[in-house]
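Protein chains: 2
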Amino acid sequence: AERRRQQAEESHRQDSTKVLVFTLLLTLTILTIWLFKHRRFRFLHETGLAMIYGLLVGVILRFGVHVQPDVSNSTLTCVGKSRPSSLLLNVSGHLYEYELRGEVDSRSSDNLPSATFDPEVFFNILLPPIIFHAGYSLKRRHFFRNLGAILTYAFVGTVISSFVIGLVMYGCVALMNAIGQLDGDFFFTDCLFFGAIISATDPVTVLAIFSELKVDVDLYALMFGESVLNDAVAIVLSSSVVAYQPSGESSQALDGRAMLTSLGVFLAVLSGSFVLGSAAGVLTALVTKFTRLRDFPLLETALFFLMSWSTFLLAEACSITGVVAVLFCGITQAHYTYNNLSAESKSRTKELFELLNFLAENFIFSYMGLTLFSFQKHVFNPVFITGAFLAIFLGRAANIYPLSFLLNLGRTNAISLNFQHVMMFAGLRGAMTFALSIRDTATYARQMMFSSTLLIVFFTVWVFGGGTTPMLSFLKIRYTHTHTHIHSYTHTHTHTQETVGTVGRRDTAWLFRLWYTFDHKYVKPLLTHSGPPLITTLPACCAPVAHCLTSSQTYEVKAHTHTDTNIHTHTHTHTDTIPPTMPYTQINNNYMDCTDMVVYGTLCVVLCCAMLCWMLCNVLCGVVWCGVL
Amino acid sequence: AERRRQQAEESHRQDSTKVLVFTLLLTLTILTIWLFKHRRFRFLHETGLAMIYGLLVGVILRFGVHVQPDVSNSTLTCVGKSRPSSLLLNVSGHLYEYELRGEVDSRSSDNLPSATFDPEVFFNILLPPIIFHAGYSLKRRHFFRNLGAILTYAFVGTVISSFVIGLVMYGCVALMNAIGQLDGDFFFTDCLFFGAIISATDPVTVLAIFSELKVDVDLYALMFGESVLNDAVAIVLSSSVVAYQPSGESSQALDGRAMLTSLGVFLAVLSGSFVLGSAAGVLTALVTKFTRLRDFPLLETALFFLMSWSTFLLAEACSITGVVAVLFCGITQAHYTYNNLSAESKSRTKELFELLNFLAENFIFSYMGLTLFSFQKHVFNPVFITGAFLAIFLGRAANIYPLSFLLNLGRTNAISLNFQHVMMFAGLRGAMTFALSIRDTATYARQMMFSSTLLIVFFTVWVFGGGTTPMLSFLKIRYTHTHTHIHSYTHTHTHTQETVGTVGRRDTAWLFRLWYTFDHKYVKPLLTHSGPPLITTLPACCAPVAHCLTSSQTYEVKAHTHTDTNIHTHTHTHTDTIPPTMPYTQINNNYMDCTDMVVYGTLCVVLCCAMLCWMLCNVLCGVVWCGVL
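From first to last, the protein sequence lines are chains W and A.
Here UniProt numbering is used: the first residue of the first sequence is 1, the next is one more, and so on.
Here UniProt numbering is used: the first residue of the second sequence is 1, the next is one more, and so on.
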């Protein structure tokens with residue numbers, strides 16, 4: 001018992017040290033970021049910086065520290081026929097339970113200090129706050145103005161890009177096979193998987209670079225919106241490819257039926273996540289509207305946090321993608337729930353998620369740097385890496401240029417060729433690509449992918465990330481340095497509103513008008529304290545229902561017409577008077593582009609129909625999807 | 001590979017569901033708390049509420065859900081001679097690694113859904129934010145005024161209480177042994193361990209109940225201060241008992257040498273944690289003072305968070321107690337670093353830790369409720385439980401009444417008998433006791449302790465927690481309901497400052513004056529932007545050093561003399577002017593009681609000396625404490 005306690009303590013101490021290393025790494029990164037900001041040095045971006053520090057620590061761990069191989073860990077070797085997930089060991093009558101950790105490579109002899117985390121940590125702890133934050137801070141009119149273009153790039157473009165990359169890589173692998181460079185299996189589905197994971201551009205880096213440069217708002221909206229949404233597409237696409245690659249190892253060629261099922265999974269998961277995330281947002285909005293929870297900002301913030309987190313957990317428990325659900329949840333929370341929160345909760349939730357996002361993203365990037373040296377199964381293949389670099393350029397080009405051409409046919413203000421070049425250039429790969437590729441590094445193909453992905457991320461973040469500023473000057477796209485951007489959200493909002501006059505109102509089409517009116521008249525008043533009271537918008541026959549659904553605050557809001565958006569108004573007394581809320585005239589100005597809105601509406605309808613059809617189809621065919629759910 | 005992936009997915013889904021249950025439980029608790037606050041119903045406290053919900057879920061899981069025993073988990077049984085921490089399984093050439101999870105009870109046949117967490121989660125994730133928050137929000141003059149009394153209760157009192165409880169329980173166990181009620185070993189060290197873990201009163205419940213009731217500030221300071229600090233004592237005391245109970249199972253009687261070593265460990269760990277925590281706080285203060293990080297509140301908050309967390313990790317990595325280190329770190333951060341932060345960071349850090357604390361404490365209490373039904377090895381023994389209840393009353397009495405008598409000899413304003421009764425009555429047991437008792441439930445004695453502890457926590461929180469209000473009225477101690485207390489910290493601060501006039505200034509003794517002057521003249525100016533500039537306080541020969549250590553802001557602060565403590569002053573522009581800081585006349589008013597200060601100073605000196613002596617002694621004796629470090 002004594003020895004076991006000591007072992008447990010030892011392992012606990014090692015774990016603590018491991019986390020401590022990263023904490024200190026982050027602290028160092030923060031101090032350097034401050035120094036860079038202070039000295040206005042902007043050629044190396046903060047995420048690039050985090051990676052460099054990670055690299056340094058990786059080098060130290062790799063070449064500086066030598067760990068004694070732990071003798072007590074490998075004294076007993078059992079021989080069995082199967083590989084159960086847990087094992088019972090009988091030592092003189094006592095039963096001890098052992099849990100499967102994974103396959104051990106018998107070839108690897110060196111004992112590196114394993115400063116590695118379970119890859120699931122990235123998906124379950126680090127990514128959700130980043131993605132939620134992206135959704136939550138997305139409440140910008142320019143995003144909604146360009147929604148159609150964003151959706152086109154994110155959905156259609158990413159799928160095109162995945163396939164192009166997959167095909168190029170297939171050619172590359174065939175070449176490698178021919179010249180004898182391939183030491184293991186690499187199937188067509190692996191190529192497609194690689195295409196799916198490498199197609200996602202990173203919102204983290206885009207957000208960081210562009211928000212500081214204050215570029216053209218439309219370009220910013222396009223870049224940011226695309227990079228957030230194509231993360232969702234990449235996750236779902238890659239898991240579809242994995243889920244429906246034939247399980248027999250020999251028949252790895254993609255057959256038609258598997259392809260179709262993959263498509264079904266893709267649509268079902270995407271729409272399921274959309275529905276779940278939006279539902280959670282709507283539920284939170286209802287709860288915050290109909291309780292007077294706003295009197296207690298702490299409770300309100302806690303509820304908001306828990307509900308958003310539940311969305312992720314619920315989605316994971318239902319086997320659909322939590323990260324995607326969290327994205328849509330964030331958008332819904334920003335659009336509806338945010339209006340119900342008390343002034344203090346508004347700032348609290350923003351600051352909380354801003355901090356979580358900051359810590360998580362810096363952690364991911366320093367970990368990335370660390371992995372280059374600490375990961376033990378790297379397969380660096382020059383041909384494959386060259387092919388991958390070529391493929392991502394071709395894939396990105398096949399996404400941006402043709403789709404921009406098509407979009408410009410329907411847009412009143414065209415996406416200029418310069419904008420297209422920037423979008424092409426600034427398609428950095430980041431956290432999501434890394435998380436997807438580290439998730440499974442069991443086979444030779446996956447290891448090669450992981451190593452190449454790592455190099456691609458490094459290259460794009462350092463070279464393209466650092467080169468964005470010169471690129472923008474070269475292409476003569478106006479930008480100004482805003483030194484204080486990081487300071488608070490309200491700054492950004494005012495920036496956007498200042499420059500909004502440059503883009504005129506578009507003509508509106510019936511579908512857009514329909515949705516906008518519906519949202520403004522019914523959904524917003526139902527879910528939030530803003531908008532016109534339901535009594536005035538609903539027909540007379542529904543008056544009792546409307547009365548019961550309309551909060552007393554809605555009327556009072558109408559009286560206010562001040563435009564003070566400063567969220568820190570602490571002077572009011574909290575117990576008796578109602579805190580001032582934003583007047584609805586100011587909230588409901590997410591006017592959208594007509595063509596964009598048509599695309600968006602159609603997409604929603606198509607997704608929902610697709611999900612229904614596919615589930616029906618599966619039930620009929622006897623494939624038990626519901627069993628999985 | 002396919003089957004393994006499915007298993008991994010299945011286990012991931014189960015984990016998600018498990019966490020989801022708790023998230024929803026917390027959401028429910030929050031809504032009910034709001035309802036209770038809204039309806040001003042205060043006989044059931046929110047922590048009691050969380051426990052009730054936990055209990056309900058426990059009942060449902062216990063009697064409502066039936067889990068199929070997982071066949072694939074127990075197919076292979078190896079027979080071995082030792083019990084290694086990891087195992088290699090050879091399946092047709094492939095090696096799989098298995099990790100030890102723990103001993104399986106061969107008697108337990110029923111498969112309960114295991115909604116259990118690793119006990120380490122409590123210590124490493126949930127407790128640190130609670131304890132840090134306690135330290136961070138401790139910046140109250142009344143705490144420092146009563147520091148001597150608090151330290152006496154917390155240190156001397158808790159040790160007395162532990163021994164009294166240990167002795168009573170030893171008698172109880174002897175009785176049980178005599179009447180044949182004992183089914184396993186229960187040694188004297190186990191009794192002492194029980195005494196150590198059950199002696200810690202809970203800051204969570206005390207804080208929650210008393211801060212809402214706005215009782216006498218001195219009583220509040222005594223209760224709160226004691227309960228925070230005795231957690232630290234309980235942790236260190238219990239781990240000392242465990243560490244130095246003789247490893248031979250037969251010789252469990254405590255011998256003199258082991259006792260002495262235990263005492264050495266106790267003092268060394270306590271002073272080590274104190275030094276480490278304070279050092280981390282001082283370091284953060286220096287970093288925030290000498291960089292202009294305050295221009296970027298996000299970076300500042302992140303740094304603050306990471307440095308505080310590092311303290312915990314560093315302490316754990318050094319094998320001293322992280323929770324204790326975090327407590328002292330919190331106190332130091334509040335005393336020094338807080339003054340350097342920008343106005344936005346001040347509110348951000350407070351709100352962040354308030355939220356973390358709220359979530360963690362409610363999680364612990366709902367988990368406690370759940371455990372009563374979901375824990376599978378309960379040993380409820382009526383004699384032991386009765387004995388335990390008797391023991392905690394005796395122990396508490398032996399702590400409060402004699403020490404109060406002694407303290408009153410030296411105090412100018414005596415601790416009245418009514419106050420003593422309240423302190424006796426409101427000594428609730430909570431999160432820390434639970435966390436300590438769940439940490440190891442391997443032996444029969446520990447299981448019996450755990451079950452009894454659970455009942456004691458339930459009883460004290462529900463009965464004593466709910467009965468505090470009537471008790472206070474009965475004892476005629478003035479209190480008023482402050483409905484909006486939870487709202488923000490600044491409220492509390494103003495409350496305290498309003499009532500401060502009632503307690504007059506005490507006479508000051510030389511040791512106190514020495515420390516206060518030293519802190520005010522040198523430490524505060526060195527570490528923070530407040531206090532008089534070092535140039536004026538240091539002798540002339542040190543002028544260059546003083547110049548270099550004095551920030552430009554210190555001078556400017558002197559110009560300000562406004563007393564506006566509202567921390568949300570967002571109207572100033574951030575880039576060019578310096579944000580207004582609190583004038584030092586207001587910050588340095590933690591005037592302390594002279595006797596208290598003497599006790600505090602002596603204690604610090606004794607602790608440091610003890611640690612040095614003990615380490616030296618160990619080095620000489622060849623006991624390799626340094627090897628453990």
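These are computed hints drawn from the structure, not numbers from a lab.
Please read these numbers as outputs of a predicted model, since none were measured by experiment.
Any given hint could be a false lead.
Claimed, not checked - If you anchor each label on the Cβ, the simulated ranges turn out as follows:
1) G184/A - D15/W: 40 to 48 Å
2) A543/A - D118/W: 49 to 57 Å
3) H378/A - Q376/W: 26 to 34 Å
4) R40/W - F290/A: 18 to 26 Å
5) L260/A - I60/W: 53 to 61 Å
6) L260/A - T443/W: 35 to 43 Å
Cβ atoms here follow ideal geometry from the backbone N, Cα and C, with glycine treated the same way.
Okay, the hints, checked on the actual structure:
Distance hint for G184/A and D15/W: a CB-CB separation of about 32 Å, inconsistent with the stated range 40 to 48 Å. At about 56 Å, the beta-carbon gap between A543/A and D118/W stays in the expected band of 49 to 57 Å. Between H378/A and Q376/W the beta carbon distance is about 45 Å. The supplied range of 26 to 34 Å is therefore violated. With their beta carbons about 20 Å apart, R40/W and F290/A fall inside the hinted range of 18 to 26 Å.
At about 41 Å, the CB distance of L260/A to I60/W disagrees with the hint of 53 to 61 Å. Roughly 59 Å separates the CB atoms of L260/A and T443/W, a value that falls outside the hinted 35 to 43 Å.
In this structure, the hints that do not hold are numbers 1, 3, 5 and 6, in rising order.
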